[in-house]
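Peer 1: Please model the complete structure; the sequences and the hints are all you need to start from.
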Amino acid sequence: MALPGAMILFVFNYLPMAGILITFKDYTARNGFFGSPWVGFKNFDFFFASQDAWRITRNTLGYNATFILLGLVVSIAFALMLNEIRSRSALKYYQTAFFFPYFLSWVVAGYALYAFLDTDQGVINDLLGRFGIEAKSWYTENGYWPPILILANLWKTVGYYSVIYYAGLMGIDRQLYEAAMIDGANTWQKIWRISLPMLAPLITLLVILQIGRIFYADFGLFYFLPRNIGLLYKTTDVIDTYVFRSLRVTGNIGMASAANFYQSVMGFLLVLLSNWIVKKTNAENAIF
Amino acid sequence: MIENQARRRFKNSVIHLILFAFSLLCIIPIVVVASIAFSSESSLNDVGYTLVPSDPSITAFRYILKNSNQILRAYGVSLANTSLGTISSLFVISLLAFPLSRRDYRLRKPLAFFVFFTLLFNGGLVPWYILISKYLHLKDTIFVLFVPYLVIPWFVLLLRTFFSQIPMSIFESAKIDGASEFAIYSRILMPLSKPALATVGLFITLNYWNDWWLPLLYIDNEALIPLPALLSRMMMNITYLTTQMTNSFIQIDISNIPKESARMAMALLAAGPMLFVFPFFQKYFVRGLTAGSLKG
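For the record, the sequence lines run as chains A and B.
Counting from 1, one number per residue, gives the positions in the first sequence under the working numbering.
Counting from 1, one number per residue, gives the positions in the second sequence under the working numbering.
There may be inaccurate statements among the hints.
Cβ-Cβ distance ranges computed for the label pairs, FRET-style [to be verified]: (1) A:Gly230 to B:Asp104: 52 to 62 Å; (2) A:Thr66 to B:Gly178: 57 to 67 Å; (3) B:Asn45 to A:Ser87: 36 to 46 Å; (4) B:Val14 to A:Asp183: 24 to 34 Å; (5) B:Ile58 to A:Ala200: 45 to 55 Å; (6) A:Asn186 to B:Asn45: 54 to 64 Å; (7) A:Leu269 to B:Lys175: 17 to 27 Å; (8) B:Phe113 to A:Thr66: 25 to 35 Å; (9) B:Val14 to A:Gly171: 24 to 34 Å.
Honestly, the hints are just simulated from the structure, not real lab data.
Beta carbons: idealized from backbone N, C-alpha and C, even for Gly.
Peer 2: See the structure below:
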């Protein structure tokens, strides 16, 4: 019964795992995977000698670490606030609104961002103009993009993470809070002594999953928001966009496969490492 | 002893204020897109983009319906691949999740590992791309738009979590009555799991409807471009015009690009169905998210 699904997984997930060996070959479309000659670590030599390797690693890790940290703080803060609210209809409204960005694809978000940032007609430059501030050229200046991308990522993910954490908070036994109230605990004490410790397993799980993917950037965010503008690569190019471009646009399979291998292997090691660390500190929270 | 009435009221209004501000932030982008879509082109040139159309008009939508076969086609492609994909994906992953949820299944552990391991390690884009385009020859076919996403391990594990909540004794009694495994699947499990299937089905639908990744990689034939991919191509073409960068993989005739309001109208049409549908199914989404984050 499991056969069709297992076969599909085998073809689309397991075959590429073996296919990762392509990194050690001088691949050309004509010779194919099996016909191309082995070249050892040559692709890596080229990749790590290039400026690109450092730039895309720094961007990918820097952005993802910021996303994880800020995302965690903000979404837990929102979840705690939602938890204080008693009105059912207000709760329903907030949850619905918070979910909104999750349903928009990055392509549509890219259009919306363009409406805000367009130099001549954009909403932001219009607002700046009203305060007598000169219009800015958002799509040509590298320095603007780290905050823009961080905010965009928060906008997209905070809503659904806070709903997950909120559901976690709902699962906490009310009696704990009642007992604390009787003992005279205030709101902060309840948060620090009950809510957060009770959420810890869920937080660890979600953070491990995110750390395991820290070498994987959200392609849509980094491709559709800065619109793949070459001028902005310094602050917007990540491993995923780089691999895509090398593969599909410049056709440099060697570079693409080296970056690809680096990403897969580092990602895997990080999953194992973060799980191992959690296991050491608190075995119950480990995923496997 | 505890906070007095006034302080609590103050605290609550601060919380409401913050949450309300963020909820506005979540909604405003799509409001601006809608406002531009419903504005006349001339007003956009005069006043720029605004939250509320300064000169409301539906010319952009009329323009799209009249002038662009391609957009309607893209809508059709999106509908086709989303429905084909959702139905076949639900079928395949429910078949896979069923044995995974059964304690009495011999190979349960190795099979679970087989599924779970793909979450930990993957070969990455390059071998995946070469496999699909060069060896499976799926490029520029409708199949490439849904087959690679048929089995998404997260959804398998999510469905398994739901299935394992059904008491084993039901299956056992059916077995005693002589039901085959497939009969148990189709006549007992499926009817019992309608809400679970709806939940996972919604995630799958969303995934397919919003997908631009597969077409970006594998579709060059204009007749097979789904809506999100068409949007992304148009966006990149504008970028191309304004920055003079070379993007060799874009092949749409530049003169086809509609004006600002029409492009935003397209973005709205692409986002529309999901935004319209999701408030009604929100509780399923919340349930799916929370069940998915449980350790299984």
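Peer 1: Are the hints correct? Go through all of them and say.
Peer 2: Each hint, compared with the structure:
no. : hint                             : in the structure
1   : A:Gly230 to B:Asp104: 52 to 62 Å : 58 Å, holds
2   : A:Thr66 to B:Gly178: 57 to 67 Å  : 60 Å, holds
3   : B:Asn45 to A:Ser87: 36 to 46 Å   : 44 Å, holds
4   : B:Val14 to A:Asp183: 24 to 34 Å  : 25 Å, holds
5   : B:Ile58 to A:Ala200: 45 to 55 Å  : 53 Å, holds
6   : A:Asn186 to B:Asn45: 54 to 64 Å  : 57 Å, holds
7   : A:Leu269 to B:Lys175: 17 to 27 Å : 45 Å, violated
8   : B:Phe113 to A:Thr66: 25 to 35 Å  : 33 Å, holds
9   : B:Val14 to A:Gly171: 24 to 34 Å  : 26 Å, holds
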